[in-house]
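Could you build all of it, start to finish, from the sequences and the hints given here?
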Amino acid sequence: MTGESAFRSSNFLIPKDSFFTFIDTLRSEYRVFGPVKGINYTVFREISSSSDLFMEYQTTMLSPGKMFLYKPREDILKFRMEAPLSIEEIAPEIEKQVIVGIHSCDINAILYLDRTFLGAFIDPFYKARRENTILIGLNCMQVSENCFCSSVGAGPFLKAQSGYDVVLTDFGEDYLLEVKSSRASELFKMKGKEAGPDEWRIKSEKEESVLKSFKKVINVDGLDGLFMKNLDHPVWVTTADERCLSCSNCVMVCPTCFCFDLVDEMSMDLKEVRRIRQLDACQDLRFAEVHGGNFRLRRASRLRQFVIHNLNYTNQYSVIKTVGCGRCITWCPTKIDLTEMAKEIQRSSIK
Amino acid sequence: MKTSLLPLRAVITGIQGETEDVKTYSLSLEGSSYSAKPGQFNMVGYPGVGEAPISLSSTVSEGRFQHTIRTVGKVTKFIERFKEGDEIYLRGPYGSCWPLEDAMGKDILLVAGGVGIAPLRPVVQEILQRRDSYGKVTLIYGSRSPDNMLFMNEFDMWRKNIEIFLTVDEVPPHMKWDYDIGLVTQGLDKARLNPIVTLAFICGPEIMMHFISRGLFIRGFLPSRVYVSLERRMKCGIAQCGHCQHGSKFVCKDGPVFIYRDVSRLPDGLL
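If you read the protein sequences in the order shown, they are chains R and U.
First residue of the first sequence: 1, per my numbering; consecutive thereafter.
First residue of the second sequence: 1, per my numbering; consecutive thereafter.
To be clear, the hints were calculated from the coordinates, so they are not data collected in a lab.
Treat the hints with care, as some may be off.
[Unchecked claim] If you only want the chain U side, here are some residues facing chain R, beta carbon under 8 Å, derived:
1) Val-49
2) Lys-235
3) Gln-240
4) Gly-242
5) His-243
From the three backbone atoms N, C-alpha and C, an ideal C-beta is built for every residue, glycine too.
Structure below.
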């Protein structure tokens with residue numbers, strides 16, 4: 001996983017057919033997940049054959065990190081309520097899994113989730129799944145209209161050197177396959193043409209050309225200070241009051257939003273309580289409520305919390321939260337765009 | 001590997017009614033190596049009901065400590081019905097503590113509003129245990145009315161070693177009250193503070209802490225010498241659930257005790 005150093009790095013060209021055949025052989029030992037074309041959208045789900053994979057997909061609605069590593073809802077503890085009351089720890093299920101074809105933004109999102117769940121306090125559920133999941137990244141060539149990863153250093157090509165296992169670049173008939181972990185170098189014992197200067201040149205040319213296709217760009221330099229000076233900027237209230245529905249779609253589809261609620265559920269026979277962790281959202285009215293008050297009673301403060309947390313607060317984990325996947329824009333029913341809100345503040349501060 | 005969310009079982013060894021809606025619970029975590037510093041909190045609750053962040057209202061000795069709890073929400077209403085000998089479930093301690101080490105050799109000003117006195121009580125207890133380590137210690141404590149004052153029966157003992165100023169917003173007719181009537185901020189003038197050698201610890205409603213801090217700055221305190229304890233909604237206590245985020249801080253991990261200047265002018269805060 002993270003912090004690995006001693007492995008022979010290998011980078012080679014492999015025919016796509018061979019790669020997919022290899023993925024099929026993994027299915028005997030691993031559950032394999034990847035992008036599968038649906039009726040309207042591509043979704044990450046378990047595949048029964050590599051032919052299910054649709055690698056030329058545009059951003060999915062849900063990110064693989066928040067489906068297969070950090071589960072939207074899971075049981076944490078079980079209490080048997082008959083006297084004497086007993087607590088049963090639920091052991092994290094250890095299931096070996098492979099996720100294929102994760103875009104650069106979503107790999108970076110997983111690295112961000114690591115900071116929450118493998119940080120000051122380690123979450124055993126996340127840790128077990130993280131350790132048992134092989135991440136195969138994919139340098140992205142499918143820029144959607146709301147993508148802005150290139151503005152925040154999270155894509156379209158993956159710059160992180162560790163914390164995942166393999167990264168692929170589409171070379172037409174072949175993939176350029178870069179091994180990034182020791183377990184991947186054990187696993188990917190396949191032969192291919194060793195990558196040389198030509199391949200690195202072609203890779204950077206591809207990156208250059210993808211970079212040109214971004215429609216959404218934002219300069220995040222100095223946003224930290226700018227937001228703090230503009231906590232009363234009209235854009236917060238105007239956008240919130242005129243457009244925000246507090247539906248929390250933005251948070252649910254965000255690959256780095258980590259907030260959760262703990263809920264106790266009693267069984268119908270009153271004999272058992274399950275303590276469940278499930279996704280929660282700062283857009284919910286009760287999210288910051290305490291006795292006698294609510295720190296984010298106004299819709300504008302809740303929207304502002306989402307926007308500032310994503311584009312600012314880099315000193316929380318010394319990295320910007322947004323990975324520029326644009327999901328919160330795409331799936332907002334009223335198309336609220338956090339980059340536009342930031343730009344409005346930037347414009348008005350220049351005047 | 002155990003989840004940090006696993007609670008411990010504590011036994012209620014005593015219950016002391018403080019006011020109409022506040023009780024102090026003496027708890028015992030027998031055989032555990034539990035220790036906590038003044039200012040830290042536990043997630044306290046019961047299976048099926050949930051958990052709430054509650055500061056320790058006493059120092060810890062051999063796994064024994066107290067929580068002073070006001071009945072206000074789902075969890076605290078449930079706890080309110082408990083009797084001596086009942087079990088309660090908690091995990092912790094979490095968060096930062098009052099800077100009693102840094103305060104050695106200095107004066108300390110404690111300002112409390114309402115149940116905000118609870119997290120400052122272990123500070124007083126610790127000061128009393130090594131009174132010579134600190135200079136002048138002053139407590140200013142304000143509450144809505146005389147019958148909302150906590151720990152009144154302990155103040156006579158505390159007064160031998162620290163100076164105490166009590167004030168209430170109003171006194172109902174026919175109720176006896178020998179102390180001040182008015183805002184907590186008025187206590188700052190009576191207390192004769194030396195801002196150069198004093199650290200201030202404040203706990204109470206955020207709006208009260210705002211005015212007290214402002215009052216201290218006007219009287220020459222530096223924002224780096226004023227400490228506040230913040231209240232936020234919390235579910236996990238371990239900087240993961242995100243509810244207590246305040247600016248880039250997690251109140252549960254980076255707080256609840258903060259240096260004033262680290263939490264002033266943040267969005268959705270009153271400081």
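> Does Gly-242 of chain U pass the interface hint, meaning its C-beta sits closer than 8 Å to a C-beta of chain R?
Replying inline: Since chain R brings a Cβ to about 3 Å from Gly-242 of chain U, closer than 8 Å, the hint holds.
The hint names Lys-235 of chain U as touching chain R; please verify it with the least Cβ-Cβ distance against 8 Å.
5 Å, holds
When the nearest CB of chain R is found for His-243 of chain U, is that gap smaller than 8 Å? 6 Å, holds
Original post:
Taking the closest Cβ pair, is Val-49 of chain U under 8 Å from chain R?
Top reply: OK, holds: Val-49 of chain U within 8 Å of chain R, min 7 Å.
Is the interface hint satisfied for Gln-240 of chain U? The criterion is a beta-carbon contact with chain R at less than 8 Å. Hint holds; Gln-240 of chain U Cβ to chain R Cβ min 6 Å, cut 8 Å.
This entry satisfies every hint, going by the numbered hints stated previously.
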